[in-house]
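Produce the complete structure using the sequences and hints provided.
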Amino acid sequence: MEKLYGYTGKIARINLTDKSVTEIPTSNYVPKYLGGRGVCNKIFWDEVGPEVGAFDPENKIIYMTGPTTATGIPTGGRSVMTGISPNNLPEQYSWSGIGGWFGAEVKFAGYDGFIIEGKAAEPTYLYIEDGDIQFLSAKNLWGKLVHDTQNKLEEIHGRDVNSIVIGPAGENLMRNASITTSNDNVAAKSGFGAVFGSKNLKAITAKGTGAVVPASAEKVLELRRRMANPLMDHKPLVVEPGHSIGPANFAEAKGGFKKAYVACSHGCNQHCNMLMLDMKSAFKDEKVNHVEKCVSVFAFGFEEDVPYGGPGDTFVTEKNHTLACKMIPREGGPPDESDEHFGEMFNFQRGDKLDFWKPDFDKGSVINDLCNEYGVDKWDVIVWLLPWLSMGKKEGVFDEIDLGMEIDVESEEFVKYLLDMIVYRKGYYGNLLAEGMARAIRTLGKEKFGDTIYQGRYSQVTGDRLDLPISLETAWGHCVHWQGRGFEASMEKPAWVATNLHQMNSTRDTQTIAHHHDYFKNYVELKDDPCRSPLTAQAVIMGENKAEIKDSVTCCDWQSPDLFWMDMEAQMFEAATGFKTTEAELNEAAERSKLLFRAIIIRNYGRDRNMEVNAIFPIMTYPDPWGQTVTWKEWNDLVDIYYHERGWDKETGWPTRAVYERFGLGFVADELEKIGKLPAN
Amino acid sequence: MNNNLNNESENGLGRHVIQYPDDISFCAGCSACEIVCGLVHEGVSSPSVKRIFLERGEKQSLQHAVLTCQHCDDHPCYEKCPKQDLAMCIDEKGIVYINQDECIGCGLCAKACKFEPSRINFNKKTEKTKRKAYKCDLCRTRENGPACIEYCQVKCIGLSDWPMPEKA
Ligand code: SF4
Ligand code: SF4
Ligand code: SF4
Numbered sequence: 001m002e003k004l005y006g007y008t009g010k011i012a013r014i015n016l017t018d019k020s021v022t023e024i025p026t027s028n029y030v031p032k033y034l035g036g037r038g039v040c041n042k043i044f045w046d047e048v049g050p051e052v053g054a055f056d057p058e059n060k061i062i063y064m065t066g067p068t069t070a071t072g073i074p075t076g077g078r079s080v081m082t083g084i085s086p087n088n089l090p091e092q093y094s095w096s097g098i099g100g101w102f103g104a105e106v107k108f109a110g111y112d113g114f115i116i117e118g119k120a121a122e123p124t125y126l127y128i129e130d131g132d133i134q135f136l137s138a139k140n141l142w143g144k145l146v147h148d149t150q151n152k153l154e155e156i157h158g159r160d161v162n163s164i165v166i167g168p169a170g171e172n173l174m175r176n177a178s179i180t181t182s183n184d185n186v187a188a189k190s191g192f193g194a195v196f197g198s199k200n201l202k203a204i205t206a207k208g209t210g211a212v213v214p215a216s217a218e219k220v221l222e223l224r225r226r227m228a229n230p231l232m233d234h235k236p237l238v239v240e241p242g243h244s245i246g247p248a249n250f251a252e253a254k255g256g257f258k259k260a261y262v263a264c265s266h267g268c269n270q271h272c273n274m275l276m277l278d279m280k281s282a283f284k285d286e287k288v289n290h291v292e293k294c295v296s297v298f299a300f301g302f303e304e305d306v307p308y309g310g311p312g313d314t315f316v317t318e319k320n321h322t323l324a325c326k327m328i329p330r331e332g333g334p335p336d337e338s339d340e341h342f343g344e345m346f347n348f349q350r351g352d353k354l355d356f357w358k359p360d361f362d363k364g365s366v367i368n369d370l371c372n373e374y375g376v377d378k379w380d381v382i383v384w385l386l387p388w389l390s391m392g393k394k395e396g397v398f399d400e401i402d403l404g405m406e407i408d409v410e411s412e413e414f415v416k417y418l419l420d421m422i423v424y425r426k427g428y429y430g431n432l433l434a435e436g437m438a439r440a441i442r443t444l445g446k447e448k449f450g451d452t453i454y455q456g457r458y459s460q461v462t463g464d465r466l467d468l469p470i471s472l473e474t475a476w477g478h479c480v481h482w483q484g485r486g487f488e489a490s491m492e493k494p495a496w497v498a499t500n501l502h503q504m505n506s507t508r509d510t511q512t513i514a515h516h517h518d519y520f521k522n523y524v525e526l527k528d529d530p531c532r533s534p535l536t537a538q539a540v541i542m543g544e545n546k547a548e549i550k551d552s553v554t555c556c557d558w559q560s561p562d563l564f565w566m567d568m569e570a571q572m573f574e575a576a577t578g579f580k581t582t583e584a585e586l587n588e589a590a591e592r593s594k595l596l597f598r599a600i601i602i603r604n605y606g607r608d609r610n611m612e613v614n615a616i617f618p619i620m621t622y623p624d625p626w627g628q629t630v631t632w633k634e635w636n637d638l639v640d641i642y643y644h645e646r647g648w649d650k651e652t653g654w655p656t657r658a659v660y661e662r663f664g665l666g667f668v669a670d671e672l673e674k675i676g677k678l679p680a681n
Numbered sequence: 001m002n003n004n005l006n007n008e009s010e011n012g013l014g015r016h017v018i019q020y021p022d023d024i025s026f027c028a029g030c031s032a033c034e035i036v037c038g039l040v041h042e043g044v045s046s047p048s049v050k051r052i053f054l055e056r057g058e059k060q061s062l063q064h065a066v067l068t069c070q071h072c073d074d075h076p077c078y079e080k081c082p083k084q085d086l087a088m089c090i091d092e093k094g095i096v097y098i099n100q101d102e103c104i105g106c107g108l109c110a111k112a113c114k115f116e117p118s119r120i121n122f123n124k125k126t127e128k129t130k131r132k133a134y135k136c137d138l139c140r141t142r143e144n145g146p147a148c149i150e151y152c153q154v155k156c157i158g159l160s161d162w163p164m165p166e167k168a
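Each protein sequence line maps, in turn, to chains A and B. Position one of the first sequence corresponds to residue 1 (our numbering), numbered consecutively onward. Position one of the second sequence corresponds to residue 1 (our numbering), numbered consecutively onward.
Please keep in mind that the hints were generated in silico from the structure rather than gathered at the bench. Be aware that one or more of the hints could be misleading.
Below, simulated DSSO-like cross-link-like pairs (lysine-lysine); rule was C-alpha separation at most 27 Å, straight line [as the list claims (entries may be wrong)]:
1) A:Lys-258 x A:Lys-284
2) B:Lys-155 x A:Lys-259
3) A:Lys-259 x A:Lys-287
4) A:Lys-358 x A:Lys-284
5) A:Lys-254 x A:Lys-284
6) A:Lys-19 x B:Lys-125
7) B:Lys-132 x A:Lys-207
8) A:Lys-358 x A:Lys-293
9) A:Lys-258 x B:Lys-155
10) B:Lys-80 x B:Lys-114
11) A:Lys-139 x A:Lys-254
12) A:Lys-139 x B:Lys-59
13) A:Lys-3 x B:Lys-128
14) A:Lys-10 x B:Lys-114
15) B:Lys-167 x A:Lys-258
16) B:Lys-167 x A:Lys-259
17) A:Lys-10 x B:Lys-125
18) A:Lys-258 x A:Lys-293
19) B:Lys-59 x A:Lys-284
20) A:Lys-353 x A:Lys-527
21) B:Lys-155 x A:Lys-293
22) B:Lys-128 x B:Lys-59
23) A:Lys-10 x B:Lys-132
Here it is as structure tokens:
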């Protein structure tokens, strides 16, 4: 085998049932499938068929780093895992990304990734050190909270190990359980923590002393300089009076709190994660430090939704396009007023008035700590479960429900009681809510417990009261994210039709890796009828392909794409691997990865147009802050255009043989044809 | 010990990389300093060749200490090297550095370093004949000076004889 740069060259197949490890050359999959999610998609297509459920031993967690991981290419420290998600409704193939130092450590230990299959007979953790993989008893770890587990592993194997672990939520198969690494970075959205739990797998700990060799160290350094631009300056620890996003929800911290900014992953050139020091713990008197990013801020207070900056939040010009990673540490600076479009782009409005809960700094800290320590997806708790209880209580839907304690999302005691009840599946409701919001609400009766209208949402743009269902659900058992209503509602229709289209085509929340970006010049053309413009579909396709690239190369949604440096990811890939790669070639690999994903959901879960349009449409019938919705006709027109642009069949939403073949996936077309899932032409 | 002493103190230390206090700049924990150190010297990224050590805070505190060689005036590492002035050398500016070609991988320098943990990277797991010691040479042959400082995203490290940056 030729020497591979960037990659370590080996993927480990780890079977928990018979405790065997076999090695697969990474070159079986690269460069064709890039790395990361691209490789995961190929492995899953080859190895897991339609009959497998999320908690079956036959489900696999396919974990992959990218060729940039541990090379020093900024943001390359992120890694990704895929498998059947228990938190998706229905259970479907899904993915989840994670930051931290674990991915780099796995590579230093000699692996590009691993395929975890089977089920351990008893609680187990994996210890990976320099090419050696051991199956160790997790009896003394089982039951432990996330940080206690990390600490115990460091106690056993030394301070310089890096781990991914689950907490009690994963052990108890709570469907939205997360997997956490040492800096509180999580793979949460797909509930893979529960898949670990179902496999009796508590943790994976890695330690490596090997080397990762980028093809060009010089190019790596050049990328470090260019990607950090315009910033490399002191960032001190500061004391803040309190915490909130925008002018609303301000939660005062008595005596102030200490705040700093830290990197999310190995080798990153940014520091977009917020470190909150000496915070109140949910479990002990001692203060704790938390790493927080975007959604956690709403734990501290949720009277109002995020403010709206104007179309310029999504649609950018060369003068005004700020990397998202500069937003949380507030390093973006104010928009450039010399931009000729400045007035149209930036038109600040406050978010919807929601009145879910009053600001309370300590309670916010406790909510985040509960999620961090139990290992639960914060989104589901902060923007779904708790708002649901808040809205539902005001609308009287819980009058007959006895949770064993009065529902009161303003109370720290209640929130602790609630999470404990769910994580440990205590009683009927604990058990029910551990099945995840989408399933629990269906069991209770969706009409009453999901679709009841909350009377307390007011647009601060128009002043009107606007309908909002008490359950902020969108497609595939996920909660809304940047979709024009519910959480992060403050975006206009030209942007939210795009984010909803992203979500429709996927199996989970896509806005963690595919925040929608487009050019302002396109906004001007498409804004009056976004569903009838090919520009909307084209921007979604660009965003979807970039998401595949980011999760494969790997790089970060907060730094890419840069619409004015479109071959950034190709340069990263080439610097790591030495494979000469243009933006167009990388895009081709992304199309291939997206097609494999599409083929998996078509083959395994019967995905077609009917299914996906019906899954996404309902949420868009509720108004956005301007009172806008889409009609069935409008939406279907957009879907027609999108399928057309993709070269997929309009009636079924299935890619054609010609499309599969164009991207080197003739074998996929053959298999789909055999089961009647290839369109006629 | 943390190396946040600058050369204004009476400390018997040479010119070295220091970490600034938190209220000047808070280490983001990115590891870039460790990575670029290996990249500029060996063209690889590896825990085994870094010459600057990010000691991660205990219990996920995310408060990290950056540990480096102090280029001590008395340099016991140099004194213990059996191939003194061939492998372990001191240049005209007092920089204590290792000439990798001559290093025989005995590990005596790493043991002799007066700091705990040792500021010399010596991986005993490497095959015996391939073992080498790695230590900070302040990037003495690099035009832009220390790479770790150049690439630190938050500029929380600097040289000990630079004036301490102003607080924000
Ligand atoms: S290696 Fe240790 S003893 Fe030698 S100069 Fe550096 S700090 Fe001093
Ligand atoms: S000054 Fe140079 S040799 Fe010393 S730690 Fe920094 S990068 Fe490494
Ligand atoms: S490069 Fe700077 S911020 Fe990053 S780990 Fe090193 S000292 Fe800390």
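Hints, one by one, checked against the model:
1. Between Lys-258 of chain A and Lys-284 of chain A, the direct Cα distance comes to roughly 19 Å. Compliance with the 27 Å bound is thereby established for this hinted pair.
2. Our distance criterion of 27 Å between C-alpha atoms is met by Lys-155 of chain B and Lys-259 of chain A, whose separation comes to about 17 Å.
3. The hinted pair formed by Lys-259 of chain A and Lys-287 of chain A meets the criterion: a straight-line CA distance of about 14 Å does not exceed 27 Å.
4. Between Lys-358 of chain A and Lys-284 of chain A the CA atoms are separated by roughly 24 Å; this keeps the pair inside 27 Å, and the hint holds.
5. Pair hint Lys-254 of chain A plus Lys-284 of chain A holds up; C-alpha atoms about 19 Å apart against a cutoff of 27 Å.
6. For the hint linking Lys-19 of chain A to Lys-125 of chain B, the alpha-carbon distance of about 26 Å falls within 27 Å, and the restraint holds.
7. Using a Cα cut-off of 27 Å, the hinted pair Lys-132 of chain B and Lys-207 of chain A holds, with the two alpha carbons roughly 20 Å apart.
8. At most 27 Å may separate the alpha-carbon atoms for a hinted pair to count; Lys-358 of chain A and Lys-293 of chain A meet this at roughly 20 Å.
9. Distance check on the hinted pair: Lys-258 of chain A and Lys-155 of chain B sit about 20 Å apart at the alpha-carbon level, within 27 Å; holds.
10. For the suggested pair Lys-80 of chain B and Lys-114 of chain B, the alpha carbons sit about 12 Å apart, so the restraint of at most 27 Å is met.
11. Restraint check for Lys-139 of chain A and Lys-254 of chain A: the C-alpha separation of about 41 Å exceeds 27 Å, so the hint is violated.
12. A threshold of 27 Å between alpha carbons decides the hint, and for Lys-139 of chain A with Lys-59 of chain B the separation of about 21 Å falls inside it, so the pair holds.
13. Between Lys-3 of chain A and Lys-128 of chain B, the direct Cα distance comes to roughly 24 Å. Compliance with the 27 Å bound is thereby established for this hinted pair.
14. For the suggested pair Lys-10 of chain A and Lys-114 of chain B, the alpha carbons sit about 39 Å apart, so the restraint of at most 27 Å is broken.
15. Annotation: proposed proximity of Lys-167 of chain B to Lys-258 of chain A holds, straight-line Cα distance about 16 Å (limit 27 Å).
16. A distance of roughly 16 Å separates the Cα atoms of Lys-167 of chain B and Lys-259 of chain A; the hinted pair therefore holds under the 27 Å criterion.
17. Our distance criterion of 27 Å between C-alpha atoms is met by Lys-10 of chain A and Lys-125 of chain B, whose separation comes to about 20 Å.
18. This hinted pair checks out: Lys-258 of chain A and Lys-293 of chain A have alpha carbons roughly 15 Å apart, not beyond 27 Å.
19. Between Lys-59 of chain B and Lys-284 of chain A the alpha-carbon distance is near 14 Å, which keeps this suggested pair within the 27 Å criterion.
20. Proposed proximity of Lys-353 of chain A and Lys-527 of chain A is supported: the alpha carbons are some 25 Å apart, at most 27 Å.
21. Simply put, Lys-155 of chain B and Lys-293 of chain A have alpha-carbon atoms about 22 Å apart, close enough for the 27 Å limit, and the pair holds.
22. Taken as a hint, the Lys-128 of chain B and Lys-59 of chain B pair is broken in the structure, with Cα atoms around 34 Å apart against an allowance of 27 Å.
23. Distance hint between Lys-10 of chain A and Lys-132 of chain B is fulfilled; the C-alpha atoms sit about 26 Å from each other, no more than 27 Å.
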